[in-house]
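These protein sequence lines map, in sequence, to chains A and B.
Residue 122 is where the first sequence starts when you use this note's numbering, and the numbers rise one by one after that.
Residue 122 is where the second sequence starts when you use this note's numbering, and the numbers rise one by one after that.
The set of hints was computed from the structure by calculation and includes no laboratory data.
Just to be clear, a hint being listed does not mean it is correct.
Note: identical chains are not told apart, hence a pair may lie in one copy or across any two.
[Claimed, not checked] Below are the DSS-like pairs computed for lysine-lysine, each with C-alpha atoms no more than 27 angstroms apart in a straight line:
#1 Lys-355 to Lys-206
#2 Lys-338 to Lys-367
#3 Lys-151 to Lys-138
#4 Lys-212 to Lys-188
#5 Lys-131 to Lys-315
There are 2 protein chains.
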Amino acid sequence: MKNQLILDGKKVANHIKELLSSRINKLGEKGITPCLATILVGDDPASETYVRMKGNACKKLGLESLKVHLPSNITTEDLIALIHKLNRDEKVHGILLQHPVPSHIDERLAFDAIALEKDVDGVTTNGFGQTAFQLGTFPSCTPAAILEMIDYYNLNLEGKNTVVVGRSPILGKPVAMMLLNRNATVTICHSKTKQLEDIVSKADIVVAAVGKPHFIKGDWIKEGAVIIDAGYNKGNVGDVDFIQCKVRASAITPVPAGVGPVTIAMLLKHTVIAAETQTRNLIGITI
Amino acid sequence: MKNQLILDGKKVANHIKELLSSRINKLGEKGITPCLATILVGDDPASETYVRMKGNACKKLGLESLKVHLPSNITTEDLIALIHKLNRDEKVHGILLQHPVPSHIDERLAFDAIALEKDVDGVTTNGFGQTAFQLGTFPSCTPAAILEMIDYYNLNLEGKNTVVVGRSPILGKPVAMMLLNRNATVTICHSKTKQLEDIVSKADIVVAAVGKPHFIKGDWIKEGAVIIDAGYNKGNVGDVDFIQCKVRASAITPVPAGVGPVTIAMLLKHTVIAAETQTRNLIGITI
Numbered sequence: 122m123k124n125q126l127i128l129d130g131k132k133v134a135n136h137i138k139e140l141l142s143s144r145i146n147k148l149g150e151k152g153i154t155p156c157l158a159t160i161l162v163g164d165d166p167a168s169e170t171y172v173r174m175k176g177n178a179c180k181k182l183g184l185e186s187l188k189v190h191l192p193s194n195i196t197t198e199d200l201i202a203l204i205h206k207l208n209r210d211e212k213v214h215g216i217l218l219q220h221p222v223p224s225h226i227d228e229r230l231a232f233d234a235i236a237l238e239k240d241v242d243g244v245t246t247n248g249f250g251q252t253a254f255q256l257g258t259f260p261s262c263t264p265a266a267i268l269e270m271i272d273y274y275n276l277n278l279e280g281k282n283t284v285v286v287g288r289s290p291i292l293g294k295p296v297a298m299m300l301l302n303r304n305a306t307v308t309i310c311h312s313k314t315k316q317l318e319d320i321v322s323k324a325d326i327v328v329a330a331v332g333k334p335h336f337i338k339g340d341w342i343k344e345g346a347v348i349i350d351a352g353y354n355k356g357n358v359g360d361v362d363f364i365q366c367k368v369r370a371s372a373i374t375p376v377p378a379g380v381g382p383v384t385i386a387m388l389l390k391h392t393v394i395a396a397e398t399q400t401r402n403l404i405g406i407t408i
Numbered sequence: 122m123k124n125q126l127i128l129d130g131k132k133v134a135n136h137i138k139e140l141l142s143s144r145i146n147k148l149g150e151k152g153i154t155p156c157l158a159t160i161l162v163g164d165d166p167a168s169e170t171y172v173r174m175k176g177n178a179c180k181k182l183g184l185e186s187l188k189v190h191l192p193s194n195i196t197t198e199d200l201i202a203l204i205h206k207l208n209r210d211e212k213v214h215g216i217l218l219q220h221p222v223p224s225h226i227d228e229r230l231a232f233d234a235i236a237l238e239k240d241v242d243g244v245t246t247n248g249f250g251q252t253a254f255q256l257g258t259f260p261s262c263t264p265a266a267i268l269e270m271i272d273y274y275n276l277n278l279e280g281k282n283t284v285v286v287g288r289s290p291i292l293g294k295p296v297a298m299m300l301l302n303r304n305a306t307v308t309i310c311h312s313k314t315k316q317l318e319d320i321v322s323k324a325d326i327v328v329a330a331v332g333k334p335h336f337i338k339g340d341w342i343k344e345g346a347v348i349i350d351a352g353y354n355k356g357n358v359g360d361v362d363f364i365q366c367k368v369r370a371s372a373i374t375p376v377p378a379g380v381g382p383v384t385i386a387m388l389l390k391h392t393v394i395a396a397e398t399q400t401r402n403l404i405g406i407t408i
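Isolated chain A (complex conformation) (with noise of 0.2 angstroms):
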C-alpha cells in the first residue's frame, strides 16, 4: 500500500485560526473587534445552516457577527440600501450576502453593491478582476481555501496539469485564475465538455467544484493525482466518489472535513484583515 494523504480540513483550519488570534488580540488591544455582518434573505434552512455556523465561528475565535435576516419579499432595491448601510458603518469590516438569494432579486447587483474592501467573502465582480490580475484583494473563499490547503500541505502547482471541473463566477472560474497565477496549466471543464473522463484521466490535480454527488469517479483519476473536492451536496457529500478516488490519489480532501472548514477560516482571515486595513490608521498595523 503506497501512503495517501488525507488533506485534513479541520487541521489546515486550526492552524489558520491559531495565526489569527494573535492579530485578533492586538486589535483587540486597540479596542477593535473585528466584526462580520452576515445577511440572510428569506427562510431557507440550509442558508440558515450556513450563517449560523459562519456567526458561531466568528464568535468563537472572539469576532463579531452581526446578523442581518430579512424578509424573502425584500426588493432588490432594499437589499441593496441595506448593503450600503453597511458599507457606510465603520463597525462592520466585512459583508457577506448568503447565496442564493430569493430569484426574484438581482443577485449580482446586490452583490456587487458590496463595497470593495469589506467583500470578504469574495463575490463582487471587481473582486474577482483583482484577483484574476493579483492584484491582492480578497479572492472567494472556496478557491482561497483550496490554494491555502495546496500551500499547508506543500503540493506543487508549478506546470501541473490541472483541471477544474466547474464554472461559476465564486468557484470554477476564480479557482482556475489562482491556480493560473500560480504557474498551474489549467483546464476548465463544465456541462458542455466533451470526453470529460479523458480530460480528468490526465490531470496531475483534480479541483471538483461542480455540485453533483459523487460525480468525479475513481476510474477517472491518473494514479498519484492529487484531489480538491469543493463541492458540497446534500447529506454532505461531496462531488468526488471519494472511496473510489482514495485508491488512485496521491492526495485527497474528504467532505466533510476537507474544503469546507477551510472556507470558513478563510473567511474569518479575510475579516481580520479587512479590520486591519480598516483601521491601520488607529493601530498602526504595517499591512
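Given the structure of chain A, go ahead and fit chain B onto it with the hints provided.
Relative to the frame of chain A, chain B by itself:
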C-alpha cells in the same frame, strides 16, 4: 488537397465597419460624433504607429479622434488626473491608453482610472470581471476580435477543446473567459507549462497569444484544427508558423490581415456603442 479556410481579417473588419456606418449616421443626425481619446506616453515608435493607425481608422469611418501625447517623464498621478479629466469630458466617449507606458508609471493604476463606460479598449480590472461574468461591457479588443472572427465564419465552439497559449490580462485571460462562456473547454498554457506541444496537439482550436514569433509549429497541430494567431511581433510576424500550420489546419488566421484589422474594428465598434450608451437620453436609441 482539402479545402482550407484562411480567416480574412480585412473582410471581417470591413463587415463590422459597414454595419457601424448607419449607426454613426444616426448619431450624426443628432449632432453626436463618437469620439475616441487616445493617450500616448513617450516616443516609442511602435506605439506611435499604433496610435496613428487607430486615429486614422476613426477618421476614415467618421469618428472623432482626440490625440493626447504626453512626455515620457509624466508621473502616474498626472496621467491619472488627465484620465479623470477625460472621464468627465462629455464629448469623449472612449479612452484608450496605449500600452506599454514607461516603466516608472503604474500602468495598472492608470488603466483602472478609466471609467468603465469609457473603457472601450477593455483594459480595466472591473471590465475584465464583467467580461468573465458576462455582464456586458467592453471586453478587450483582441479577444473581442477573435470571437467576432469565429462568429463571422460560423465556427463552432461548444464543447471544443480550446487551448489558449498566453495569460496576459488583456489577451490570454479574457479570451479564455470568453471562450469558456461560449461553452468551449478551455486550457490556458504559458511559459511554465510542461509538454505544451502535447497539449496543443489535442486542441480543436488554438489561440496563440504568446508574443513570440513563429512559436507555434506546424507539427504540433492536430489535423483539422482551427488556428487563431493573436500575436504581433516585430516585422509583422505572428506567433504561429503560418506556412507550416496551414498544412494541417482547417481554418487559420494570417498575420498580417488576420486578427489585427478586426481588433481595430472592434475598438471602433466599442466607441460607437459607448457614444450611443452615453447619449441615449439625447438620441432615444434603445440599446
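Comparing the hints with the structure gives:
For the identical chains of this complex, Lys-355 and Lys-206 are neighbours neither inside a copy (34 angstroms) nor across copies (53 angstroms), given an alpha-carbon limit of 27 angstroms. For a Cα distance limit of 27 angstroms, the shortest separation of Lys-338 from Lys-367 inside one copy, 10 angstroms, qualifies, whereas the shortest one across copies, 39 angstroms, does not. When the C-alpha separation of Lys-151 and Lys-138 is checked against a cutoff of 27 angstroms, the pair qualifies only within one copy, where the shortest distance is 20 angstroms, while the shortest distance between copies is 62 angstroms. In this assembly of identical chains, the alpha carbons of Lys-212 and Lys-188 lie at most 27 angstroms apart only when taken from the same copy (13 angstroms versus 47 angstroms across copies).
In the homo-oligomer, the alpha carbons of Lys-131 and Lys-315 never lie at most 27 angstroms apart, since the shortest distance is 35 angstroms inside one protomer and 33 angstroms across protomers.
Checked against the numbered hints listed earlier, the structure breaks hints 1, 5; every other hint is satisfied.
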